[in-house]
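Engineer: Here are the chains, one letter per residue:
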Amino acid sequence: MIHFNNVSFGYTKQKPLYANIQLELKSGSVYGLLGKNGAGKSTLLKLMAGLVHPQKGLLTVCNANPMKREPDFLNQVFFIPEEIDTPNIHVLDFAAEQVPFYPRFNQTQFLDYLKELDVPMTKLNKMSFGQKKKVWIALGMASNASLIILDEPTNGLDIPSKRILRKLIASIVNEDNCIIISTHQVKDLDSLIDQIILVDNGEIIVNTDTNTIIEKIIFQHSNQQEISNSWIYHETSIAGHLFVKKREMEEDVSKLDLELFFNAGITNKIAIQELFNQKS
Amino acid sequence: MNNHFSLIRALLLLRKNFKESGSSYLLMFLAGLGILFLSYGLLIVASFHSMFPTGDRKMIFVIGLLLGGTLFSSSHYGFFKSEAKTIQFLLLPATTGEKLLVGFALTQIMYLIIYLGIFTGIDWLMCLTYNEFVAIPNWIIEQEKHYYQGKPIFQSDTILFKELVILYFITTSIAHLGSLSFIRNAYVKTAILFVISFIGIIYLNNKMLVMLIPEEIMPHGKYFTDSFRIGPLQQPTGIVTLPESWQLRISWFLPIFLYSSCWIMSYYKLKEKQI
Amino acid sequence: MNFHSNKAIYIQIADLICEKILLQIFKEEERIPSVRELAINLEVNPNTVMRTYEYLQDLEIITNKRGVGFFVSVNGLKKVTDYLKKEFTEQDLPTVFKNMQLLQITIGEIDALYQQYLKWNKKPL
Chain A
1 MIHFNNVSFG YTKQKPLYAN IQLELKSGSV YGLLGKNGAG KSTLLKLMAG LVHPQKGLLT
61 VCNANPMKRE PDFLNQVFFI PEEIDTPNIH VLDFAAEQVP FYPRFNQTQF LDYLKELDVP
121 MTKLNKMSFG QKKKVWIALG MASNASLIIL DEPTNGLDIP SKRILRKLIA SIVNEDNCII
181 ISTHQVKDLD SLIDQIILVD NGEIIVNTDT NTIIEKIIFQ HSNQQEISNS WIYHETSIAG
241 HLFVKKREME EDVSKLDLEL FFNAGITNKI AIQELFNQKS
Chain B
1 MNNHFSLIRA LLLLRKNFKE SGSSYLLMFL AGLGILFLSY GLLIVASFHS MFPTGDRKMI
61 FVIGLLLGGT LFSSSHYGFF KSEAKTIQFL LLPATTGEKL LVGFALTQIM YLIIYLGIFT
121 GIDWLMCLTY NEFVAIPNWI IEQEKHYYQG KPIFQSDTIL FKELVILYFI TTSIAHLGSL
181 SFIRNAYVKT AILFVISFIG IIYLNNKMLV MLIPEEIMPH GKYFTDSFRI GPLQQPTGIV
241 TLPESWQLRI SWFLPIFLYS SCWIMSYYKL KEKQI
Chain C
1 MNFHSNKAIY IQIADLICEK ILLQIFKEEE RIPSVRELAI NLEVNPNTVM RTYEYLQDLE
61 IITNKRGVGF FVSVNGLKKV TDYLKKEFTE QDLPTVFKNM QLLQITIGEI DALYQQYLKW
121 NKKPL
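Same order as they appear, the protein sequences are chains A, B and C.
As numbered in our numbering, the first sequence has no gaps in its residue numbers, which increase by one up to the final residue, 280.
As numbered in our numbering, the second sequence has no gaps in its residue numbers, which increase by one up to the final residue, 275.
As numbered in our numbering, the third sequence has no gaps in its residue numbers, which increase by one up to the final residue, 125.
I should point out that these hints are in silico values taken from the structure, not numbers from a laboratory.
All values derive from a computational prediction rather than experimental measurement.
The C-beta atom is built at its ideal place from N, Cα and C for all residues, glycine as well.
Be a bit skeptical, because a hint or two may be false.
Which residues of chain A face chain B? A few of them, derived with a C-beta cut under 7 Å, are [said to hold, decoys possible]:
no.	residue
1	Leu-51
2	His-53
3	Pro-54
4	Glu-70
5	Pro-71
6	Asn-75
7	Ile-84
8	Pro-87
9	Glu-97
10	Val-99
11	Phe-101
12	Asp-118
13	Glu-259
Isolated chain A (complex conformation) (with noise of 0.2 Å):
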């Protein structure tokens, strides 16, 4: 569905971001794209949607360039952003002025997400953040495009919200669509994501699903003393010690800890790229 073929880009021409990269993403998954503030997450997913273009390589999102923003190629995609800036009309009025570019879009489908999520029908200037921002996923949701990106969709949700979010997205995941989650609040959706890209630094660490991380290492505890060197990663307290270590054939898989993965993959990145990454 997306392919990066050594793509750079950077603000300016002489700071990079990101130089070569390669990435590929596949239809019918959840991706969880993690990094730490500043890594560059949402040029990504802005490059996906065509709002900043490459200065290199090519790249191609439902079998179209970004690049040219064709209404045929925005007409798949739906983009729901960080923060949240609405007209200040009535929301049904909003969602009528959307709907007529979205050929897919299903109004039953939004009334319905809207009253899950807990939306009041009023005008949207008298409505929160957190609503504006329901009103948009509820928005992105019906429209049923193909390639659905959330930056950072559970910040300033609250608590309810975030269980109906998960819901819905579960609910919306299908063989033909795609979507790009990113975000910080890894414990919000870490049972939705079935595909994790790791960025650091400009550089994609990691782009691999939730299987093959939990055949190819443990996340464990040891309320033992000592450290092994066997560990990848690990994070002591006076609990004793949560790490992460590669997985023997024998071994039981254990529940994939995505702030552990993430954390080994930043600090000892070597040793994940040797375990993730054929290529290299």
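Chain A is fixed; fit chains B and C onto it per the hints.
Structural biologist: Quick look at chains B and C alone, frame taken from chain A:
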């Protein structure tokens, strides 16, 4: 829907624009109306014992047309200040041409029609009011009394209507382009850049003429150099004028060139816009 | 749903379904929720549920009838009991034994407690 220009989509965009920004347009309209009424009111008060001044009214007309028009045009992409709104605008499934057409329709057609409409209306109404309430002084002789009758300015032929409308189209197109190019303080930045390039062009034009012609010269012309004087002011040795056909061609080529380049640049600015 | 244990989520979901079969909420030869239904209900990725169902199919606990959905196998209850027994002996018992050793608890003590438990909690039929 496909990737080619579609009038239906353009109309949908226009409707969307009106629905979303309708209230701010209404506010601008009312503000404009208020300012016009206020200035006309002041004019009437000031001319209680004299003629209803057509010159001042023309000034109001020109200011409203050009200043108002450029201010309106340069605020068209004001929402670029908000990243979320910019993303929404850029990713809305419509072609660049269709999106640009909204700006064109609003700045080049809608403002002009509405402004001409309300100005004519107010001017007519105010002339009526003036004639009704302001008494012609007694010492005016009968033959001169008609000078003291307020007449709508469009009835007088002294107004350079065609030139003003052309000027309106050009300045608002520049303001529209400025609005696309600068995210903050688009009006001020465009105005400064406009003045600098205007002065720069005049300077370069004169410099070039001086370099081309060995004698002392003084260029002259209304919109472009159409003649120049050779020799010093006290003792001119001759006047060179552009051939008639050249002058004619330049005078229509120049505005069309400026206008179309503004819109072509706007098109590519919008097409290549990144955030 | 909260996935508290350190087992992979797809296994935790499998355990959940096994428990339902054991409690006869899902009866033999009856249809169980579709992948999508269960994914929405548990707020997990449908691919994870799919993996669970594949896992349970491998264990012959459930079967896939093409175009209809997933059903508990004919002798699903026995298969589940076997599976959970295996899991219990291989995973839970070692921890219990370890604690028994650590706290010096004899098997006799455990037996007494177990008999008492059985008295109070009769198996619901």
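Engineer: Determine which of the earlier numbered hints do not hold for this structure and return their numbers in increasing order.
Structural biologist: Failing hints, ascending: 3, 10, 12 and 13.
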